[in-house]
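2 protein chains.
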Amino acid sequence: MCQDAVRETYVNSGEIIHREGGTLMGKSKIWLRGLSLMILSMSLYGPLRAQETQPSNLTHLQLQLNLMPMPANVQTGYGSLKIDGGFTVALAGQTDARLNGATERFVERLAKQTGLLMNVKPANGAKGTLVVRVDHDSKPVQELGEDESYVLEVVPSGASITAPTDLGALHGLQTFLQLVTVSPDGFAAPAMVIKDTPRFPWRGLMIDTARHFIPLEVLRRNIDGMEAVKMNVFHWHLSENQGFRVESRKFPKLQQMGSDGLYYTQDEIRGLIAYARERGIRVVPEFDLPGHSTAWFVGHPEFASAAGPFTIERRWGIFDPAFDPTNEKVYKFLDEFIGEMVKLFPDHFFHVGGDEVNGKAWDANPKIQEFIRAHDLKGNAGLQLYFNKKLQGIVSKHGKSMVGWDEVLDSTLPKDIVIQSWRGQAALAEAAKQGYRGILSNGYYLDLGWSAARHYAVDPMGDVAAGLSAKEKQRILGGESCMWSEFVNAENIDSRIWPRNAAIAERLWSPADVRDPALMYARMHVLSVQLEWLGLTHENYSARMLRRITGPASAEEFRALRTLADVVEPVKDYAREQTATEPATSETPLNRVVDAIPLESRVAREFDEMVDSYVASSCHDASLAAQLRAQLILWRDNDAKLQSLEQRSFLVKEVVATSQDLAAVAAAGLAALDALEHGGNRDDAWKAQQSAVIQQTSKPKGQLLLMAAPAIQKLIDAASAGGSCASAKQ
Amino acid sequence: MCQDAVRETYVNSGEIIHREGGTLMGKSKIWLRGLSLMILSMSLYGPLRAQETQPSNLTHLQLQLNLMPMPANVQTGYGSLKIDGGFTVALAGQTDARLNGATERFVERLAKQTGLLMNVKPANGAKGTLVVRVDHDSKPVQELGEDESYVLEVVPSGASITAPTDLGALHGLQTFLQLVTVSPDGFAAPAMVIKDTPRFPWRGLMIDTARHFIPLEVLRRNIDGMEAVKMNVFHWHLSENQGFRVESRKFPKLQQMGSDGLYYTQDEIRGLIAYARERGIRVVPEFDLPGHSTAWFVGHPEFASAAGPFTIERRWGIFDPAFDPTNEKVYKFLDEFIGEMVKLFPDHFFHVGGDEVNGKAWDANPKIQEFIRAHDLKGNAGLQLYFNKKLQGIVSKHGKSMVGWDEVLDSTLPKDIVIQSWRGQAALAEAAKQGYRGILSNGYYLDLGWSAARHYAVDPMGDVAAGLSAKEKQRILGGESCMWSEFVNAENIDSRIWPRNAAIAERLWSPADVRDPALMYARMHVLSVQLEWLGLTHENYSARMLRRITGPASAEEFRALRTLADVVEPVKDYAREQTATEPATSETPLNRVVDAIPLESRVAREFDEMVDSYVASSCHDASLAAQLRAQLILWRDNDAKLQSLEQRSFLVKEVVATSQDLAAVAAAGLAALDALEHGGNRDDAWKAQQSAVIQQTSKPKGQLLLMAAPAIQKLIDAASAGGSCASAKQ
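So the protein lines, in turn, are chains A and B. The opening position of the first sequence corresponds to residue 0 in numbering that gives the first Met the number 0, with each subsequent residue numbered one higher. The opening position of the second sequence corresponds to residue 0 in numbering that gives the first Met the number 0, with each subsequent residue numbered one higher.
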């Protein structure tokens, strides 16, 4: 149905390559200057002509790139398909309940996204605005490596999605939703041909529902988000020292005594698995063994290595309790328990954790130490291997393949196990060399507060994995982002996962050379708004939490807190635990500013880009200078506006020091800007003085990092006598 | 439990009267200047000392006034009760499922509002941070006029709610939630004694779920909102020309053919009634008869006055189809139908509509005209009275009291009927004089887009009703706000109801002399934020709809649309229909700017207040002048920032003219401000020229009103030669 002439547009590390009929028509450098990238993400339709390869055209090209994850291959066409209330979908090929349901959800979402009234029922046959054609049935239980490819064609007269199975069709529908936007004449999707298939077959998100219980409704909307970015594995972390979250009917004391009443019933679990399956997503359960297991022992102390009784752990960290590998009853229990769980979780993979056993409970138990000696095991590691082998046998007996964290790797285990690496590509490559399949999570820990760009740069095939043989590379199945939940709950978890998770999803789906961070950010911000239509709350939650923090406040007061909140980030990595005045527990309220702000400051990033562009202009760009000045003045004067709130709210009082730091660094930035624009003293002493201001703010206060500081240091450097701008302007 | 010394604080039309131990300690004028009122709504705790009756103390007083509806009597105390994770509720008196449930919901909401973890289960007995003591059971089916009073006492060591029945306790819990806010030392509720009881026993909200179907989930969150503002009647408008929304098992063709599949099942209705009852809210169903009834006739044309077939009406307006009052089968049908419905709706009142019968179907039917002659009826009005009498008999036979709109009033009907007046206090007073009870809705139509202050000024006892005898006044039961749904759907209905409905709720609950609009607005804005914790979307929906309108946009572009959207309102009263280029129908998308903005512009109102304060300062207040100038410059320069969006989005293009108008009036305002600050020509010609600019913008474009214009006209008037400020400054 796509008879129009097509042309190809590749984007490769900041360069746009434009071909027509195989001929190179032009190349253009991605043209970014500070905040202007956002303006490029516009939606102008109409034919792209060959001579239009100047920067002004990026408007058009960027439109086509408002897809995330970026498809494997995009060819742009002429014109666009109008979307109005008469929009219909026809199912022309193989159909089943999943495809029917997906089509209805698709139309509902399209109606929501446009505000148009639409008939959600798909028609059978070949007549519809969008025709979906699927060749054959997918597997009744979704399998690793099923064909997820699809072809999406859009021409002004209609659109089609063609896919081997409904899995590909589901992905095509999501791509179509991302194509539709407002235009000068109504809503429309631009003409193009997309041929798409994922780079990796395992693209997962792990949510730790054990440290903080996460309600089903929150999981459902996150699964909707996963569908939007074409992730296909929900890894459900279900047990921890702090909670056992699954109803066991054979061992009901597990949830009755180990969960504070916060667990998922078997019916709820079946419901969530069905919900995920409808969205092309497998569900892999994880029961962490033999460590991370205090909550199991509250109801069943007889399986622990130390004497009970045990209580649910409230603190965070690594704790001593562990299963007793020398107790044969443990294996009998695990056999029965896993036998019950595999009936609940149909996926072929079963995750047993296996990480962070500190061995203290084993060291302290003479019977266990004697067992190690008697069986000639290599200390505690040998004991854990002994446990893992028996556990693998149980998992295998129940027809499943075992997944475990790095620690389970041992060359004596069968080759069907899968290693999930929190250690990195080297560990993964080592596993692959030994013949084991693996998935990468190192670099994808969402709770550490890294920037989207930093996650985005991590590639499962990067680092030493790049040196693997083709056969070994095939064993790298993909990766999983991980949402550990020490400092997240139902209220802010969406904001800890989104939108940054989309960058990881793209890394796992799109071709390896789709890696320009600036283009990624532009698309991510567009997607982020779209994700809110799914009910995700990552954009809205912040204002609501900040309102709780201020209490009744004037518009100006609220703006002042917002201005500060927009330019700070929570401390990174494990500093939240390390810098706490008193250790947080699972009962600590998450209602502070540090909980109410996104983990990545867009304002700070864009300010930093603006500074780079200004310095790159040899500080000649007066318009950028004016924008920088306006931002710095706002920051400098903000603390005064916040003072009335600081006196009224203990939660605002906590950020006073950071607010004062912002005023100080902004003043230093203004001094640098003055020096750059008007000259004057900027010798080493001046530089040292200004830099000292920045340095003083580098220590986090209230567990917040002031993200504006590094960019202001760049201005100071530029202004100092030896700086690049200084010489240019002198 | 309240041993602390107390003092009373009355607020009466802009004056604060402060007594201690019965002695008048001071009076102070409410001190308002432009936007500063918001700053007064602060939360500073600590004892209020006798000498602190200067304006600076309003900070404290306003805190105590962050209650809506304002209680009948408030006495402030010393100190405050700290709210932390150890907060508990004890039920000391009579308890039942409703009170238990309400207490759990209360703790859940308190936990949400503070971000603290709390134990939601109430304790039985007298030990708890908050002790709730109820004397006796309320009625199994809530009745009109049950005692809803309560006493809420808060001292630093604890709080108590005492009420005759759980109805009062429910209200007390809501008041307590409004008292809790952030403080310098944590969350807290200030010490006080509140003795509260409603002014009117019937305080309703009508939602028209027939013209646009409104999903149950949306109704539920609006019922939560009603509970928060102590409304006690949900009037459920269930049938219209455009849809019949109830499942009838006796006459299933009603919903099967008359609803497009959009109706409430009987189970869902029972669920919603239970949900409302749990919140102290009665549910009164309305089936509009004999007009407004096209949708009934799609399945049952045999009851219509004209020959069928009929189709569901898609247009808005008054239509001809009406039941045939001369057909005895109609009464047999209504008897059976109402018999089925009274089993579903337990409330004692049953609303039969009765409004806007245009009589055309009766005029056109010779058999009906012959009937009128034969029975010596007074034309169509007489025929409707004939119908009403028979209908009243049916309703009465089923044990219910009939409610109808103004048109049903006739002195020959029994005195137990209730008149709902869309015509006004005069009609209501007339009914009261004739011995009929009545409720006011004239002045409370939320869909007309009036300001909260305008609704707030309407009093059921106002106008001619003020002249009624005491006995007649007792017949005025209260009032109902009405949300007619031509231009609302699930997406924006919350924003059409809230927060303005809170002003009507206060009018119906609080003493008549609580009527200062500025204080009402200050409290309403605080409440509005709190209402979002219930899941209402009236604050958040706008940004989301505006994002749909812009499509992918830069932060600056989005701010530009927001700046315009913040200062416009949809056209008022029935102008939306009257000014449409083509008539809207139930299938018209509601995705335009006019649908995406609140019905009342807070920015425009506050700008207007600022202009008033500036003029009142004889234009000497330089700080206000600077604020006005900054706002006017922002408006003047905004259109340029919007131009890129105008070119990309047909929905932005629609507001181009209004955006240009804003630039023009802002320029005129700046000219006036220049003249006021720096002198210069401002003769009659100047004034005429500037006023012409304002005049040109008074015609709505894109169905939007530019709300900044009248305040700018005030500046022009002040600046003109004869203006008050001009002379002061010269």
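Derived from the structure by calculation, the hints contain no laboratory data. Any given hint might turn out to be false.
Pairs count within a copy or across copies, as identical chains cannot be separated in the list.
[As the list claims (entries may be wrong)] Straight-line alpha carbon distances no greater than 25 Å define the calculated DSS-like cross-link-like pairs of lysine-lysine that follow:
1) 652 to 111
2) 328 to 713
3) 389 to 366
4) 713 to 249
5) 414 to 432
Quick rundown of the hints versus the structure:
no.	hint	verdict
1	652 to 111	between (41 Å within a copy, 21 Å between copies)
2	328 to 713	neither (63 Å within a copy, 87 Å between copies)
3	389 to 366	within (19 Å within a copy, 91 Å between copies)
4	713 to 249	neither (63 Å within a copy, 78 Å between copies)
5	414 to 432	within (11 Å within a copy, 92 Å between copies)
Hints 2 and 4 from the list above are not met by this structure, while the remaining hints are.
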